[in-house]
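Residue numbers (this note's numbering), protein chains in the order written: chain A, 1 to 99; chain B, 1 to 663.
Rather than coming from a laboratory, the hints here were simulated on the basis of the structure. Any given hint could be a false lead.
To be verified - Restraint ranges, calculated between C-beta atoms of paired labels, are given here:
#	chain 1	residue 1	chain 2	residue 2	range
1	A	R15	B	Q172	43 to 51 Å
2	B	S223	A	R15	41 to 49 Å
3	B	Q126	A	L9	31 to 39 Å
4	A	L9	B	R176	22 to 30 Å
5	A	L9	B	P174	35 to 43 Å
Nothing here was measured: the structure is a model prediction, and the numbers come from that model. Yeah, the Cβ is synthetic: ideal placement off N, Cα and C, and Gly gets one too.
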Amino acid sequence: MIDRPGITLALAQLRPGELGYIRALRGGRGFISRLATLGFTLGAEVEMVQNYGRGPLIVMIRDSRVALGRGEAMHILVSPAIPQVASSSPSAAPAYSGD
Amino acid sequence: MDEQRVITVALAGQPNVGKSSVFNTLTGLNQHVGNWPGKTVEQRTGTFAYNGVTYRLVDLPGTYSLTANSLEEVIAREYIIRERPDVVAVILSAPVLERNLYLVAELLGLEAPLVVGLNMVDVAEQEGMRIEPRVLEAAMGIPVVPMTATKGLGIQELVRAVDEVAHGRTPQQPQRPEIRRDHQEVLDQLLALIGARAPEGYPAQWVALKLLEGDGEISALMSQRIPAEEWAAVSRILLEHEDAVIAVAGGRYEWVARMVRAAVVRPRAGQITLTSQLDRIATHPFWGLLVLAGILGVVFWLTYTVGAPLQEWLQVTVVGGLGQLITSALAGGPRWLTALLVDGVLGGAGTVITFLPILAIFFATLGLLEDVGYMARAAYVMDRFMHLMGMHGKSFLPLFLGFGCNVSSVVGARVIESPRARLLTVLISPLVPCTGRMAVVTFLAPLFFGRGALAVTWGLVAINLVALAVLGVVLSKTLLRGEQVAFIMEMPLYHLPNPRTIAIQVWQRVGEFLHKAGTMILLVSVLIWLLGAVPTGEIQTSLLAAIGRGLEPVGRLMGLDWRMMLALLSSFAAKENSLATLGVLFGAGDSAGSLGSVLQAAIGARAAWAFLVVQMLFVPCVATVAAMRQETRSWGWTLAGVVLLLVLSLLGGTAAYQIAGLL
Numbered sequence: 001m002i003d004r005p006g007i008t009l010a011l012a013q014l015r016p017g018e019l020g021y022i023r024a025l026r027g028g029r030g031f032i033s034r035l036a037t038l039g040f041t042l043g044a045e046v047e048m049v050q051n052y053g054r055g056p057l058i059v060m061i062r063d064s065r066v067a068l069g070r071g072e073a074m075h076i077l078v079s080p081a082i083p084q085v086a087s088s089s090p091s092a093a094p095a096y097s098g099d
Numbered sequence: 001m002d003e004q005r006v007i008t009v010a011l012a013g014q015p016n017v018g019k020s021s022v023f024n025t026l027t028g029l030n031q032h033v034g035n036w037p038g039k040t041v042e043q044r045t046g047t048f049a050y051n052g053v054t055y056r057l058v059d060l061p062g063t064y065s066l067t068a069n070s071l072e073e074v075i076a077r078e079y080i081i082r083e084r085p086d087v088v089a090v091i092l093s094a095p096v097l098e099r100n101l102y103l104v105a106e107l108l109g110l111e112a113p114l115v116v117g118l119n120m121v122d123v124a125e126q127e128g129m130r131i132e133p134r135v136l137e138a139a140m141g142i143p144v145v146p147m148t149a150t151k152g153l154g155i156q157e158l159v160r161a162v163d164e165v166a167h168g169r170t171p172q173q174p175q176r177p178e179i180r181r182d183h184q185e186v187l188d189q190l191l192a193l194i195g196a197r198a199p200e201g202y203p204a205q206w207v208a209l210k211l212l213e214g215d216g217e218i219s220a221l222m223s224q225r226i227p228a229e230e231w232a233a234v235s236r237i238l239l240e241h242e243d244a245v246i247a248v249a250g251g252r253y254e255w256v257a258r259m260v261r262a263a264v265v266r267p268r269a270g271q272i273t274l275t276s277q278l279d280r281i282a283t284h285p286f287w288g289l290l291v292l293a294g295i296l297g298v299v300f301w302l303t304y305t306v307g308a309p310l311q312e313w314l315q316v317t318v319v320g321g322l323g324q325l326i327t328s329a330l331a332g333g334p335r336w337l338t339a340l341l342v343d344g345v346l347g348g349a350g351t352v353i354t355f356l357p358i359l360a361i362f363f364a365t366l367g368l369l370e371d372v373g374y375m376a377r378a379a380y381v382m383d384r385f386m387h388l389m390g391m392h393g394k395s396f397l398p399l400f401l402g403f404g405c406n407v408s409s410v411v412g413a414r415v416i417e418s419p420r421a422r423l424l425t426v427l428i429s430p431l432v433p434c435t436g437r438m439a440v441v442t443f444l445a446p447l448f449f450g451r452g453a454l455a456v457t458w459g460l461v462a463i464n465l466v467a468l469a470v471l472g473v474v475l476s477k478t479l480l481r482g483e484q485v486a487f488i489m490e491m492p493l494y495h496l497p498n499p500r501t502i503a504i505q506v507w508q509r510v511g512e513f514l515h516k517a518g519t520m521i522l523l524v525s526v527l528i529w530l531l532g533a534v535p536t537g538e539i540q541t542s543l544l545a546a547i548g549r550g551l552e553p554v555g556r557l558m559g560l561d562w563r564m565m566l567a568l569l570s571s572f573a574a575k576e577n578s579l580a581t582l583g584v585l586f587g588a589g590d591s592a593g594s595l596g597s598v599l600q601a602a603i604g605a606r607a608a609w610a611f612l613v614v615q616m617l618f619v620p621c622v623a624t625v626a627a628m629r630q631e632t633r634s635w636g637w638t639l640a641g642v643v644l645l646l647v648l649s650l651l652g653g654t655a656a657y658q659i660a661g662l663l
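Turn these sequences into a full structure, and let the hints steer you where they fit.
Okay, here's the thing in structure tokens:
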């Protein structure tokens with residue numbers, strides 16, 4: 001896995017087919033808790049499945065497809081990975097770094 | 001032998017794992033549908049026998065976790081903590097194993113005896129994923145049974161495993177998840193402060209974790225049990241570690257990763273699955289809408305071409321025939337009794353029951369769409385439109401149900417997590433034109449508008465949908481203003497439907513509807529009949545007529561005389577009642593043809609147009625009002641909804657009449 005910790009984007013900025021690793025979740029505790037439950041934990045690998053630049057989008061996280069509102073996807077920060085060398089093991093992602 | 005003992009098994013699982021398939025296969029029709037005590041969430045329980053022992057199966061609501069993010073999650077965990085089922089059987093979806101194991105990680109914290117049913121192994125194989133149940137079992141230390149519930153495979157093995165655990169023959173030595181090391185210290189501090197003060201049945205470690213996760217329910221519970229100064233210390237720790245919710249979830253997912261490491265072989269990247277292929281069209285912003293429109297078209301076509309003739313047959317042959325039978329059987333008896341049974345009971349509640357085929361077709365097609373996994377796609381493509389009304393995609397589904405019957409849309413609003421959006425959906429859903437109202441329109445429109453009838457019908461539907469959208473926008477910006485609730489929705493894998501699950505669901509919904517028709521609707525239709533018969537026995541001189549005449553000043557604004565106003569009022573019992581009332585009041589005899597000509601002579605097209613507009617927008621029928629009360633648990637909101645529609649419909653009717661006068 002090649003990871004570029006320097007660059008952080010909103011999840012909504014990933015294009016279809018691109019991979020990213022979750023860096024931070026912004027929002028109320030309820031929102032964060034619902035996302036974390038679905039597998040959006042720090043370091044988890046996420047793949048953009050559908051993103052037309054407006055409206056809701058679909059991502060793949062931990063083998064499941066999840067639809068998110070664009071607003072919600074703006075509150076999830078990811079560091080993009082280079083797609084062609086993507087690893088298939090999310091557990092190898094960097095450790096939790098605190099706040 | 002311990003035949004006397006009933007073993008209780010709780011069935012847990014995330015949404016879309018085929019849990020109802022398992023439940024239905026095990027219990028068949030030996031099930032009972034009710035509500036969880038004090039909640040509006042449906043509770044299903046059933047029984048089955050194995051080795052001479054009776055098992056009681058309790059279907060817990062489908063939940064992603066056991067944190068108090070939703071009512072369902074609170075219900076599921078409270079049941080396990082307070083009722084202490086003998087075994088908790090967790091159903092997992094094999095293709096989405098990691099996220100499903102998250103729930104197992106949560107359940108292990110509750111220290112309940114677990115059995116894992118690894119469902120949909122066939123789908124996982126199609127997706128190119130291979131899972132070794134034995135390896136997974138060894139890693140977790142709890143029994144794992146591979147299953148394909150839709151084909152009935154693995155169900156017996158699951159029961160055997162449950163039986164073994166219930167009788168203590170399978171020792172439970174689970175590997176429990178641990179918190180991430182950087183939060184262990186905080187957790188220990190919290191544990192020390194909680195001490196032995198967790199309520200009975202609540203493991204202290206679990207309570208501490210839930211506090212760290214910011215669980216509102218557990219915080220409220222513990223703040224009652226811990227002295228104020230110590231609670232202040234707890235609050236201080238929690239405030240310092242507000243981000244702990246991610247660390248706790250991360251810890252559980254680390255456990256999940258350890259469990260699956262050796263047990264799962266994944267497909268090579270780049271494999272295009274059936275779901276991705278179908279989704280290219282079904283979730284496309286343009287093609288997806290076309291697909292949705294096409295599916296809705298087919299559902300309506302089925303409902304009207306198959307359901308409507310059945311409805312008519314029931315109305316003419318069964319209800320009409322029963323009426324004649326009663327009339328001749330009671331020929332020598334009191335006239336009022338015949339009138340009560342024929343006009344009151346059969347004319348009201350009987351007519352409502354004739355809509356059963358239409359509802360059954362609707363429930364079946366929707367059940368099918370839900371079961372194959374399409375409904376989430378419909379919600380997804382409608383999301384951007386629903387946002388305009390301060391709601392998101394999930395509200396589309398219940399509103400759509402309203403085309404069949406508003407009761408199902410009000411009840412269907414349960415799928416929406418946010419109480420605000422749920423209430424909004426309940427309040428605006430009576431504006432969806434239901435089959436009852438459409439029956440009135442399809443009868444009256446051709447009488448007055450001839451060739452233009454179809455255009456008038458579409459116009460009326462459009463007025464309702466515009467009113468719905470406007471009301472939604474206004475309410476979400478005024479009375480029901482609040483935080484937009486996040487749109488986060490799983491898109492399940494497409495899979496083949498299970499006819500048995502759909503059939504049982506239709507059967508239960510139909511039963512609920514019949515129950516309502518036999519109680520609430522029956523009561524109101526008899527009441528309206530009574531008002532029309534008291535004191536003289538003639539409707540023209542009855543209390544109901546007096547009420548109608550009292551309403552005439554309002555009616556005049558819309559060009560409606562007292563009889564039209566009464567027809568409108570009687571639609572409160574059931575929408576299609578207004579036709580029956582018009583028939584009685586215009587003394588048109590029994591055949592619809594002659595009612596048509598009498599109406600044509602008595603009412604102008606302008607008044608008829610106004611009447612149709614009002615009746616389309618008018619207050620919801622009594623069954624819908626009852627459902628609104630049940631779902632909102634508030635008479636205040638229910639009445640507010642009714643008054644809102646009353647005002648809206650009278651304004652709409654007046655505007656329709658006055659504007660038509662200008663043309």
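Could you tell me whether the CB distance from Q126 (chain B) to L9 (chain A) stays inside 31 to 39 Å?
Since the Cβ atoms of Q126 (chain B) and L9 (chain A) sit about 33 Å apart, the hinted range of 31 to 39 Å holds.
How does the Cβ-Cβ distance of R15 (chain A) and Q172 (chain B) compare with 43 to 51 Å: does it lie in that range?
holds (47 Å)
Evaluate the given range 41 to 49 Å for the C-beta pair formed by S223 (chain B) and R15 (chain A).
With Cβ atoms ~47 Å apart, the hint holds.
Between L9 (chain A) and P174 (chain B), does the beta-carbon spacing fit 35 to 43 Å?
For P174 (chain B) against L9 (chain A), whose Cβ atoms are near 39 Å apart, the range 35 to 43 Å holds.
For the pair L9 (chain A) and R176 (chain B), does the Cβ-Cβ distance stay inside 22 to 30 Å?
violated (36 Å)
In this structure, the one hint that does not hold is number 4.
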